[in-house]
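Just so you know, the sequences run in chain order A and B.
For the first sequence, this note's numbering gives the first residue as 1, with consecutive numbering after it.
For the second sequence, this note's numbering gives the first residue as 285, with consecutive numbering after it.
These aren't lab readings, by the way, just hints derived from the structure by calculation.
Note that CB positions come from ideal geometry on N, CA and C, so glycine has one too.
A hint or two may mislead.
[Unchecked claim] Covered by chain A, according to a simulated footprint, are these stretches of chain B (three or more residues, beta-carbon under 8 Å): (1) 297-309; (2) 316-328; (3) 338-345.
[What the hints assert, rightly or not] A short, non-exhaustive set of chain A residues, derived as facing chain B with CB atoms under 10 Å: (4) Asn15; (5) Ala23; (6) Phe26; (7) Thr27; (8) Val33; (9) Val72; (10) Gly87; (11) Asn91.
2 protein chains.
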Amino acid sequence: MPEQLTNGQYHTVYNLLSLVIAAQLFTSIYLLVVQPRVLPRYRQALVVAAIVCGIAAYHYFRIFDSFRGAFVTDAVGGQGTYTQAAGSAFNEGYRYVDWLLTVPLLLVELVVVLALAKKLQTSLLVRLIPASALMIALGYPGEISGDNLTRNVFGLLSTIPFLYILYVLFVELTRSLDRQPPAVRQTVSRLRILLFATWGVYPIAYLLPLLGLDGADAWVGKQAGYSIADILAKALYGLLIYRIARLKSFADDPAFAEVEGGHDQAVSHEHLDEGQPKAAKVGR
Amino acid sequence: MPEQLTNGQYHTVYNLLSLVIAAQLFTSIYLLVVQPRVLPRYRQALVVAAIVCGIAAYHYFRIFDSFRGAFVTDAVGGQGTYTQAAGSAFNEGYRYVDWLLTVPLLLVELVVVLALAKKLQTSLLVRLIPASALMIALGYPGEISGDNLTRNVFGLLSTIPFLYILYVLFVELTRSLDRQPPAVRQTVSRLRILLFATWGVYPIAYLLPLLGLDGADAWVGKQAGYSIADILAKALYGLLIYRIARLKSFADDPAFAEVEGGHDQAVSHEHLDEGQPKAAKVGR
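Chain A extracted, bound-state conformation (with noise of 0.2 Å):
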């Protein structure tokens, strides 16, 4: 934590952190509401979602008001710089208890919307669940440390979690895929990469202390990188498991398709080769 912050900085991380709590409060809010709109039996990966953004809002009040509480201000009106409290400290360790919750949920959301046979979806969250939690446990030492060695090696031994979590979900969930609408192969796939994109966030934010970049531009720099990750790989990725929901409810029922106004969307994915006459099916 940098000694002090201009008031530039100081509002950009501000305001950050107060994007983070609406974008997960509303997205949390919205897939609670939105349960209606799909199958009861992917309510459940719905419902796991708006978990996930729930809690993470929670840990982002306490972030905002542990940022707020960690500075102090010489400014009146708007300018000045922010210096550290004394007797007080902004808690990182925020974002590792939420991550520890939420990132194996993030994997079950995935795996439940897919509605896998049982056998296989077991298999899955066996080994997903414990290695998500490992990967997150293990950087928690080397982000606390203040010293290189330690974090360069429990960054390296989060690593080999996180690259065995790649593993199945790009090798063997791709097995899986091919039972699933194509629609829906479309937006699993979409997903993984926004995992793929939006986790690898977070080990380029934990190594800039590593690259020397410690001064208070980097420190604002991870702040804004972990909030714009959360969002992506929380609230943005709950809203895409709740398009698989939906396209999957389409294609298992056309009559729900057709009371949700979706049966459109399902043909244009599902039966448009088949010759069904579209333009019949617009604005019912």
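Given the structure of chain A, go ahead and fit chain B onto it with the hints provided.
Using the frame of chain A, we list chain B on its own:
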């Protein structure tokens, strides 16, 4: 932000901010509760409208607290002046964070409630959403800058996506309105005018400092303008979306209209020219 506010100026802003909280919070609750009043295919639009008002309510709670913390007073018994508090400042950034999330969603509401063909809907959304996010993001650097040239440049850049959005809404969307029931066409027209009129308030408030109006009165005027525009552009707008969803539900399904007591309304717009006796339907 002015150095001093009179008792009247302070309480004008204070009470307006509280009015916005009440308007957004209860419009949000209303829009969630009335979901069964429209057909399932239109509920998505209502949920998004409710989320928009909820996000606005959250940010106005923050804005309200920020405003209260930014001033100290020597007032006793309701008389006195309000002076900038040391170590605190009113955070205008909350408004931009709010708009960044809500403005794209306002356009989603409008497109989703029309239940257009999926292809057209996607084509509208992939242009409107990035344009609206860009419009807000480009306004922010000008808003926080004390420099008039910077304010001018970013204000001008922000106008480009704004004009593009108006083009899409008033030219491209018009073509697809022909298939909508007459009452829906009329409400959509009103909605676009509301959108145009209220979104026009934001650049005017933005430009006040350029006009040399930078005293306490201008600042109070800006806060009042933003607050009233936010009520019209989110809460009233959401209620008009609900009206469109109701009219379309009645037009789609006469049996639903009958149960909801809206058959008279649907008939008067849809089938009046077919010579059906209107009076017989009233009050059922």
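Any CB of chain B closer than 10 Å to the CB of Asn91/A?
With a closest approach of 21 Å, the Asn91/A hint is violated.
Hint validation: Phe26/A versus chain B, beta carbon distance must be below 10 Å. Holds or violated?
Holds, about 5 Å.
Gly87/A as chain B interface residue, shortest Cβ-Cβ below 10 Å
Hint violated; Gly87/A Cβ to chain B Cβ min 16 Å, cut 10 Å.
Does Ala23/A meet its interface restraint, that is, does its C-beta lie within less than 10 Å of any C-beta in chain B?
This interface hint holds because 7 Å falls under the 10 Å limit.
Interface hint status, Val72/A versus chain B (Cβ within 10 Å)
7 Å, holds
Taking 8 Å as the Cβ threshold, is the statement that the region 297-309 of chain B is covered by chain A upheld or broken by the three-residue rule?
Coverage by chain A is violated here, the residue count being 0 at a Cβ distance below 8 Å.
Restraint outcome when Thr27/A is required to lie within 10 Å of chain B by C-beta distance:
9 Å, holds
Three or more residues of the region 338-345 of chain B near chain A by CB distance under 8 Å?
With 4 residues in contact (Cβ-Cβ under 8 Å with chain A), the coverage given for the region 338-345 of chain B holds.
Take the shortest C-beta to C-beta distance between Val33/A and chain B; is it under 10 Å?
5 Å, holds
Go check the region 316-328 of chain B versus chain A for me, would you? Three or more residues, Cβ under 8 Å, otherwise it fails.
holds (count 7)
May I ask you to test the interface hint for Asn15/A with respect to chain B, counting a Cβ-Cβ separation under 10 Å as satisfied?
With Cβ-Cβ at 4 Å, under 10 Å, it holds.
The structure does not agree with the numbered hints 1, 10, 11 stated previously, though it agrees with the rest.
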